[in-house]
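Novice: Now for the letters of each chain:
Protein chains: 2
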Amino acid sequence: MQKPRVVIIGGGFAGMMCAKALKNTPAEVVLIDRRNFHLFQPLLYQVATGGLSPANIAAPLRSIFRRQRNVQVLMGSVSGFDRESSEVVLADETRWKFDYLVVATGSTHHYFGKDAQWEHLAPGLKTIEDATKIRRNVLLAFERAERSSDPEEIKRLLTFVVVGGGPTGVEMAGSIAELAKQTMRRDFRSIDPTQARVILVENSQHVLDRYHHSLSIRAAKDLLNMGIELRNETRLAEIHPDHVVVTSKGVSSIIETENVVWAAGVKASPLAQKLAEAYALGSQIVAGGRITVTPHCNLEGFRNVFALGDMTNFVGEDGKPLPGVAPVAIQQGEYVGKRINDMILGAASDKPFRYWDKGNMATIGRSRAIVESGKWRMTGKLAWLAWLFVHILYLARFENRVLVIFQWFWNYITRNRTARLITGEDASKS
Amino acid sequence: MQKPRVVIIGGGFAGMMCAKALKNTPAEVVLIDRRNFHLFQPLLYQVATGGLSPANIAAPLRSIFRRQRNVQVLMGSVSGFDRESSEVVLADETRWKFDYLVVATGSTHHYFGKDAQWEHLAPGLKTIEDATKIRRNVLLAFERAERSSDPEEIKRLLTFVVVGGGPTGVEMAGSIAELAKQTMRRDFRSIDPTQARVILVENSQHVLDRYHHSLSIRAAKDLLNMGIELRNETRLAEIHPDHVVVTSKGVSSIIETENVVWAAGVKASPLAQKLAEAYALGSQIVAGGRITVTPHCNLEGFRNVFALGDMTNFVGEDGKPLPGVAPVAIQQGEYVGKRINDMILGAASDKPFRYWDKGNMATIGRSRAIVESGKWRMTGKLAWLAWLFVHILYLARFENRVLVIFQWFWNYITRNRTARLITGEDASKS
Chain P
650 MQKPRVVIIG GGFAGMMCAK ALKNTPAEVV LIDRRNFHLF QPLLYQVATG
700 GLSPANIAAP LRSIFRRQRN VQVLMGSVSG FDRESSEVVL ADETRWKFDY
750 LVVATGSTHH YFGKDAQWEH LAPGLKTIED ATKIRRNVLL AFERAERSSD
800 PEEIKRLLTF VVVGGGPTGV EMAGSIAELA KQTMRRDFRS IDPTQARVIL
850 VENSQHVLDR YHHSLSIRAA KDLLNMGIEL RNETRLAEIH PDHVVVTSKG
900 VSSIIETENV VWAAGVKASP LAQKLAEAYA LGSQIVAGGR ITVTPHCNLE
950 GFRNVFALGD MTNFVGEDGK PLPGVAPVAI QQGEYVGKRI NDMILGAASD
1000 KPFRYWDKGN MATIGRSRAI VESGKWRMTG KLAWLAWLFV HILYLARFEN
1050 RVLVIFQWFW NYITRNRTAR LITGEDASKS
Chain Y
650 MQKPRVVIIG GGFAGMMCAK ALKNTPAEVV LIDRRNFHLF QPLLYQVATG
700 GLSPANIAAP LRSIFRRQRN VQVLMGSVSG FDRESSEVVL ADETRWKFDY
750 LVVATGSTHH YFGKDAQWEH LAPGLKTIED ATKIRRNVLL AFERAERSSD
800 PEEIKRLLTF VVVGGGPTGV EMAGSIAELA KQTMRRDFRS IDPTQARVIL
850 VENSQHVLDR YHHSLSIRAA KDLLNMGIEL RNETRLAEIH PDHVVVTSKG
900 VSSIIETENV VWAAGVKASP LAQKLAEAYA LGSQIVAGGR ITVTPHCNLE
950 GFRNVFALGD MTNFVGEDGK PLPGVAPVAI QQGEYVGKRI NDMILGAASD
1000 KPFRYWDKGN MATIGRSRAI VESGKWRMTG KLAWLAWLFV HILYLARFEN
1050 RVLVIFQWFW NYITRNRTAR LITGEDASKS
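In the order they appear, the protein sequences are chains P and Y. Note that the first sequence ends on residue 1079 in the numbering used here; no numbers are left out. Note that the second sequence ends on residue 1079 in the numbering used here; no numbers are left out.
For reference, chain P alone in the conformation it holds in the complex:
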């Protein structure tokens, strides 16, 4: 008898953990991803600011599953689904029949309807290419400022605007500030990098406003201490190559800058839409393009088709959708892997997925972070050490942990960032 086939699309946290959970299952697992590696996205901002190399936070999927012989990794781009024949269709027209389907392709940037105009002016932070692009833009700004003799231009080049005061925006703003004010402090002869302005624009009243009020206040204080300008209750109205327009309480103002980093919004991967279409579940698509799933993480009416992670709308017991964070994806991946295993063995229970919220943490800068877990809260150096510990623990699933620990240690001691390279197509043209 042929073994049932599980096709998993996406090698992020959800897809990877799902495939791992199928370790001992008598099934043929096919893991399809457009990239040949799993990316540890929570540390991508460190690549964008030269602290780590891309390879430090990426692990080849083939390495991860080398010893799990029931997994075949395929690098390929999925173009759609065929419900009739239970097949996944790849961009090269090949088709993969499945008995169980798991779709977990995450999210992408969302520019609130202005994707076409804003995308190239304000790169977001989702892929390695995004990170090296931001790294190039930020470092080139300092290089161009050093060569300039026009005080206005220098001021504009040394102004960095980060849009969005969530964890990614706070981490980016903190990292750019440290890069300018510490790492490169003595690197230039004409300009003074410590004069760089880093402006964090946040729509709501506070940065990190999903955290307990005392923590977002502390984070704001830390950011201000690092020399970052906070613009709360401020909306980005326009982005142009040499300036942005922001609006606060009805008043518009101009910030001259050539460097905008986008950390304000994400939407589901386009595959959520395609999945909904194929399974005639168009009405299940909610805001941000996410597809609603049942308490068992499958599509309504299709017990063997699952969608996980950032691309889904999973309504928790409190009636609120789960946030698009790594722990949700990890736990859903583990749950669905186990569920498929049980279904194959004919032992599936009715136990729905339950998210165990271990807490949230965000790092602000060197020795600065905030952590909350239930009613328990922590700030400052201890929180920062907790942040380090947890991230190394998660990274520990890769072979990269020692490299990262070592580089962090090194960068902490020397305040240096060794991966400060300007690379890519345009790098040598300027």
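Hints in this document: simulated from the structure, not taken from any laboratory. Be aware that a few hints might be false.
[As the list claims (entries may be wrong)] Listed next, the in silico EDC-like pairs over lysine to aspartate or glutamate satisfying Cα-Cα at most 20 Å (straight line):
| # | chain 1 | residue 1 | chain 2 | residue 2 |
| --- | --- | --- | --- | --- |
| 1 | Y | K782 | P | E677 |
| 2 | P | K672 | Y | D836 |
| 3 | P | K652 | P | E677 |
Given chain P, put chain Y in place with the hints provided.
Specialist: Relative to the frame of chain P, chain Y by itself:
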């Protein structure tokens, strides 16, 4: 009194060492490079095969000269020279007046007159972008083979042709073979990576034919033991997207492949030509576009204008031109730095540059290398350890040494290569 200004173009070995040698000179040193980092080119092949990350072998020029306050680093592209006004002209039209000029912009690939047709089909290995491109091509070939069901296509995808049996070609061929036959041995489910063919095409009778005969014989043996096919006395006649044509002793044959790596020829950076034109020294340009310099490394008739390294034709005492290798560039950089210092202090002697040839070494693979120094020769594991030691010693000038040592150690133990990422523009499209 204003300090004299030394303008150095190129932050490679020659330019970097020259600027360092001016450490205590009462001069204003301006170091101009198109990139913001110094690249340790001898290890670039390890980036191309996923053993190291780009940042591991690159050091930001600003970090290197942070404490040498008389050096200003400028990221910029030089478009020409103005002899009348003693100025260097940058692509953005800015001009830098100099009292002393040092040009050391190295070399680039040379496809023997077929640059336009061959360049994109057979990338060479000079820049970080070259290395990540080769890495992408090589890794993608395995990914595509895994997805293919056509035995002919699989065979073609798993055939790698390296053109040129010098040190770079030997290192590339050895690394690709190790990647296929060791690192990725158990990574695939449909294909067997150990069946990959690596073919090294060399025009002359032997690989590494500048070395003592016994060493090139040993290197050939090592390569054969690693499963590499040697095609000596073979000329590459044509390159096409899916095959190459090689000619040996008048007989042409076809090798089906989609992966050709170029390690066969280099020519001087185009700035050599521009320098010769500006100083009316067109007749001093020799084969490969290199510019002939005096025994003091300056241009004939211009005591304050120097050209160093790979882009120059420096005729040694034996009447032969010095080879385009790192030690020559390093020693010339040190010599010219010291000479300019002495000229500024009014104490320049007539002592010409003399190259101290400490010997040559090439690595072939894990525990395999050849070393020669004068009449002294070494092969095998000991030679490989010597190679490791020397490269770490040179890298020691950077802060990267510990990272590289650690990764080498790690890769040696695990036979893994952690930087096996397919990145770049087209990475997600296939």
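Novice: What are the numbers of the hints the structure violates, in ascending order?
Specialist: 1
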